[in-house]
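Participant: Each chain, letter by letter, is given below.
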Amino acid sequence: MSSHNLDVYMPILILIGIGIALVFGAILFGKLIRPHNPSRLKEQAYECGEDPVGVAWSNFNVRFYVVSLIFIIFDVESALMFPVASVFKKFNEIGRGGIILCTFIVFVMILVSGVIYCWRKGDLDWVKSFHLNLDESSEKNTQEAS
Amino acid sequence: MFDSVLFLLSAILIVVGSLGVLFIKENIMHACVALLTALFGVAGAYAVLGADFLAATQLVVYVGGVVILMLFAVMLTGGGAANENKFGIEKIPAMGNVKTYIIAGVNVLVISLVVIKIMANVMQDYKAVALPAYESTVEKLGTLLVTDHVLAFEVSSILLLGALVGAAVIARPIGSTK
Amino acid sequence: MNSMYPFLFLSFFMFVIGLGVMIARKNIIAMLLGIELILNASALNFVTYTRFVNQNLDGHIMSLFIIIIAAAEAAVGLAIVIRFFQVRESIHIDDAAQLQA
Amino acid sequence: MDYTITTVAWIVLLPFFAFVINAFIVKKVPNVAVGISCAAIFGSFLLSGRIFFDFVFGKYSADYHVHKVFNWFDLNGGGQEFVMKMGIYIDNMTAMMLFMVTGVAFLIHIFSTYYMKEDTRYGRFFVYMSLFTSAMLGLVLSDNLISFFIFWELMGFCSYSLIGFYYEKEDAGNANIKAFMTTRIGDVFFLLGILAIYFQVGSFTFVDIYAAISSGMFTDATVTIFGFGLPLALIASLAIFMGTIGKSAQFPLQVWLPDAMMGPTPCSALIHAATMVAAGVYLSLRMFPLYEIHPFMLPFIATIGGITALGAATIALVQTDFKAVLAYSTISQLGYMVLGVGVGAYNAAFMHLITHAIFKACLFLAAGSVIHSLHDHHTHQHVQEMPRMGGLKNKMKFTWFAMWCCTFAIAGVPFFSGFVSKDRILGDALVMAMHNPYYWFPATLGFIGALLTAFYMCRMMFLAFHGEPRDKDLYDHIHEEKFSWNRNLPLLILALFTLGVWFSGSLTGQKLVKVASDKVEWFDTLIVKPKTENFKNYQKQNWGPVDIKSTISFPVSKYDSNHGLSEEEAHHVHSVHSIGAIASIIIAFSGIFIAFMMYIRKSWNPGWWVNTFSTWYRALQNKYYFDDMYIKGIIQKGLIPVNNFLAWVDMGIYDKYAIDGWEKVNRCAFTVSKWFDNIFVDTIAVDGTGASVRAFNVILRTFQSGKIQFYIIMIILVLSSYIWSLA
Amino acid sequence: MNEGLISFLSQFDGHKAFVKMISDFAGTDATSTISFFIYLAACLAVVGVMATIGGLGTYAERKISADLQARQGPNRVGPFGLLQMLADGVKMILKEDIIPSAADKPMFIMAPMLCIVGVFGSLAVVPFSSGFILSDLNVGVFYLLGISSLVGVGIFIGGYSSNSKWSMLGGMRGASQIISYEIPVTLSIIAIVVLSGGMSFGTLIGGQGGFPHEWYILHNPFTFIAFFVYFIGALAETNRAPFDLPEAESELVSGYHTEYTGMRFAFFALAEYIEVFVVCGVAAALFFGGWKVPFDLGTGEAFSALPPIIAKNIGQILQLGSFFTKTLLLYYVVIWIRWTLPRLRVDQLMTLCWKYLTPIALFNLIMIAVWAYAFDGKSMFELFTAMGSGSTGGH
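Residue numbers (the numbering used here), protein chains in the order written: chain P, 1 to 146; chain C, 1 to 178; chain Z, 1 to 101; chain L, 1 to 727; chain E, 1 to 395.
None of these hints come from the bench; they were simulated from the model.
Here the structure is a predicted model, which is why all the values come from computation and not from measurement.
Positions of the beta carbon are idealized from the N, C-alpha and C atoms, including for glycine.
Keep in mind that a hint or two might mislead.
Claimed, not checked - Derived lysine to aspartate or glutamate pairs resembling DMTMM-like cross-links, with alpha carbons at most 25 Å apart:
1. L/Lys-602 with L/Asp-687
2. P/Lys-121 with Z/Asp-95
3. L/Lys-393 with L/Glu-480
4. P/Lys-90 with C/Glu-154
5. L/Lys-707 with Z/Asp-95
What the hints assert, rightly or not - Going by beta-carbon spacing under 8 Å, a handful of chain P positions derived as facing chain C:
6. Asn-37
7. Glu-77
8. Leu-101
9. Ile-105
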């Protein structure tokens, strides 16, 4: 058994090592020569000169999550599609391209239907809630008027 | 030799990361980063095992996908802030207390005994065989996915569809039930 | 690496830690992290056996699908957590002991 | 062409996919749904056309067939082997059926785009039609009884939906329930028959059944019912024939088919011609070798067929509803097919199935064309009653022409297809009668029925299209028929195929008599009874999991034109055929003549007949009181009294004596036990139990905590101990 | 299975002899050790070049923007202001390092490191030339997608850990933007993988030729669209204008690195500039023939008069020149776009990604698969030439 083939992972490790070393090294080196005069005002978070109110870690809009959700589904899908895509040419050359094409298209289409669902339901609209509030308030107004 | 180095690095990452997930109490964000470390280690272990495609998949799916999803979810559930909600309950719970850790330890001990008992048999039965050389698995995986495992391939897309639709429905903001 | 035991022990370690997280932690998201660890441990086990025992790629396929299922599980699980948080303003696991909001 | 399951299955799958897609999009875009349905059925038509021409003009002999199987599921385990195989079975009969079904269904689809255009549920109709056609095609392609039965039931469901298409009408709702329940009676027996065959053969596949028949597995087998040893072949074939009776509306389960015209007319065309009722006859043809085994079976089938043929024809005499006449004529013609099966005229029965499908489809579409034009402006409904028609010939030429072609075909006029097929059945019935005098009975019924058929069809034509318009107001509102592709083209194409030349293969007519007597046409060389001995080798053949090509080579066989007789006898037999043909011609023309005299010349007064045979007339108008009999007789006189009796037994005997009597005994025992009760039971047992339950409750309640992590711990502990015990 | 720098070097006799000598000397197989040192040297060289390019990027950006806006730009430090980047570097190092007191300190330190690691890790597979590619992994482009998504995590954590509202918003936006635009990018890359039949950059570039009509961008109409989808997505992934919402000055002060100062900020900036180079390089490799040189000059066979080692190296240099030319031209286009187009609104950003680019990319993917199936993977020009020769009966 030869482990030499694993050597190709070496540059990755080396580069990651260089990256880490660079970050720490530069900061350590800088420590020697740069000034260090902390004060309360400096260490405050920047909020246009005002004192920050509360912490920044508050609840965020859930649409960020929906976007990342669709993303992860596609990400996983791409993990499945990459090997199939890389044998596509080979299959095509031995004359079985039709089958792999059908498999591929069916696979994609099923996921496209999911995206279409999200699209139709408005999960992809960034300003949807705004519209909704508008609708609701206008409805309320008309009801009150009548 | 390099394979041992790679394995050791991965093992260290896995061990440190796993322990981090278990014991980092103050901030769930840090636990997520610890999980990221462990998953990186798993990718390295895959590389040592000759599963090049799986290693890359591990990176793409976990690093790019799951961890970011987790981070977003943490932010959406109040982030690291420790304040109380309207019921007077802690909004973000303590990450476990001594009692739970003791129970978990006992359970881990039990399951370890069981697993070690199984593994003892495996070790006795296992005969070392000649290991294959490292070679590309991508084409083989692709071929398997469209021949032997084509049903699983298609069904997995349906699974993903279900996950997408279900999660989108669940996570949809309250009040937008159009 | 010529032996499968290091990998098996590594996977076993991850599994046990994941189990511990599932039991000990009270934060639902932390429990999901534990589930990820458990799933990764099993996937690693599959790949180990593929390399050292049967040497066809079915184990890789299995691991691939485990990764997929882990991703889907994370997506849906976290969506449930977020919804739960919207309703109860808490992600403590013991607050989820009732079957009603 | 290399037939594999994947290539052939598209015939079924195209309409099925059309159904699936349309089911989702039909509400939004009905026109697209219609287009998809028509395109899908056209695709199926092309595919089956390929198969048809391959088989019919190809290199294959009559015995050639393609049989491909795959393992559907595999329940091997516990020492028992059960592998459910599915597959396709294509022989000449299948090929022709496929071509006929897809062709007719396609034309009906085209016509429906005209007929259903203004309907509110325009698109949904096509959804059902696609599923219906797909089910029929699946049934035709089935290689085993289980998938056959699945598609059979699927068709039952579709007919239910289509008959009840106008579910706002109460009649339609009743009619679809009636159709569904009536056919269900036959289906139950059919399923029992399938099981009976399976227990003897160990397989559902047709070729296995044929192989079992040829190896004599059915000859001496008996089945014990209530202590009587009955021959299995008789029981199985009777049960399976019950399926045909239900589906093909044979006596005595014919009652559903006339009501089935509650649905839209194109769907009636589909049910009456290509799909639903044809399936029953198709089943009989497929299982023909089984029917042959027991000597009782074929005469029985012939009798059922004959009775149905004549009975339905007589009822049709007095109907005034346009579609009702056609409905009864369908039952009558199905009776002829079953009669054909019963007299062993295998290929003639199949040919009549095909020809009837074509001309009946045409008739129903023409009826639809007529009814669609007759719009009553007062009630805003379409008119179906013949007394309000008359003289329509001038207004709708194309419909008139197509309908006459079909009338000639069904009446058995020479040069038309009905003559070729129906009269061959009658001829074979005569031949059988020569050998076995019993057959004179069904044969006679058949001939009288043929006379009546010619009469009532011409009566319908004369009443509707000729003479003076009887409802002037209605007549004036009819628009002049202009040629339109989706209204008239299907009619004309179908009318073209009512010519006998397509089936007899002779254009000149010099074989006019020989057509019915000599067996040289292409049809007969291709359609022969399945020779079960050919399938003997199948028994031991090892099928692979997927797609094993049939490796058995079949000898080229010629049609056995001599009925297995010697030359001398055969000559005699052929002369009988000629007699039959000539008799048929005479009968057909006399029927037409009588109708002509009654309704055109008005020389003979139909009223006289009505008055003279008033009892019969009322019987016919009430359809021989079959519906009444089923409702009043079986349900009211039979089931309800039985129910009442059981209720009486319950109330009068059990309640009165057993229960009330016990009450007295109990009262005595009560006083004794009360004392015992208070001391022992109450204090010790009940209170003690309560206390102990409460004590356990405290323990058990902790398990149902709702805390997930506790559950996880429990799962782990239990699982660990289980694995520990295994390892 | 995997090729790379070492397999290129091991063609030469000198390398083999050297390995043998060291092995004999050490008494063990020293191949891996030598490989390690070669890789270390090469990696340091690459990082050095990249850091320079990153620094020059800031300079080029200012100079080009000045040019576009008819200004002078930096012109004081050194000739044409070329040493401006050194001045910037010195300034960065000398700046005070401030960590806000409310910040999440370990995360605050870790965030720039994650960005740098993600970008440096992706350098391992960038194909500078047929020989000088650090490691031509057989899952190359897929690996690149995976490792570069660390940048997203870094940006998110940077935004989170600062505990400032600006940073938090910027980090959330940045992360969601990066992951959103990864979808069209990935789908476009899959489309190219379908055509070339492999994920390693060697295979991807090997399927193309030196001339424009042999490049994948002109392979068929759909790859032409795919390039633009990829390029727009890559711009958004690197947070470049017009997609620089995470650091939009006018609304978010400075986005996720509001609270970062000195070197820590410099690393974010460096990561961004190197990532732009990497995505441009990938675009050049996927769509513009990468290191391919016209007339196959890159293989060195044209110089067969020279000794093979020199001929090969001349070829390599030509290849390097080809790759860098294409990449830097794309780099220029990126800067050009930044100073030409206005910034998008956040809802327009998401709409562009999910409602335009993703459907287009999916459609492209399917159509390219159909094309590959229908025409046996032939390009348009091959089809035209086949049509021309088809009239004479050839096939």
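Participant: Mind checking the alpha carbons of P/Lys-90 and C/Glu-154 for me, to see if they're no more than 25 Å apart?
Facilitator: Distance ~20 Å between P/Lys-90 and C/Glu-154 Cα, so the pair holds.
Participant: Below or equal to 25 Å on CA atoms is what counts here, so check L/Lys-602 against L/Asp-687.
Facilitator: The hint is violated at about 97 Å.
Participant: Can you verify the interface hint for P/Glu-77: is its Cβ closer than 8 Å to any Cβ in chain C?
Facilitator: holds (6 Å)
Participant: Check whether the Cα positions of L/Lys-393 and L/Glu-480 lie no farther apart than 25 Å.
Facilitator: holds (10 Å)
Participant: Grab the minimum C-beta distance from P/Leu-101 to chain C and call the hint holds if it beats 8 Å, violated otherwise.
Facilitator: violated (10 Å)
Participant: Can the restraint linking L/Lys-707 and Z/Asp-95 be considered satisfied, given a maximum Cα separation of 25 Å?
Facilitator: Within the cut-off at roughly 8 Å; holds.
Participant: Quick one, is the P/Asn-37 hint okay against chain C at 8 Å, beta carbons?
Facilitator: Violated, about 29 Å.
Participant: Taking 8 Å as the limit, does the beta-carbon of P/Ile-105 come near enough to a beta-carbon in chain C?
Facilitator: violated (11 Å)
Participant: For a C-alpha distance cap of 25 Å, please report whether P/Lys-121 and Z/Asp-95 respect it.
Facilitator: violated (31 Å)
The structure shown violates the earlier hints numbered 1, 2, 6, 8 and 9.
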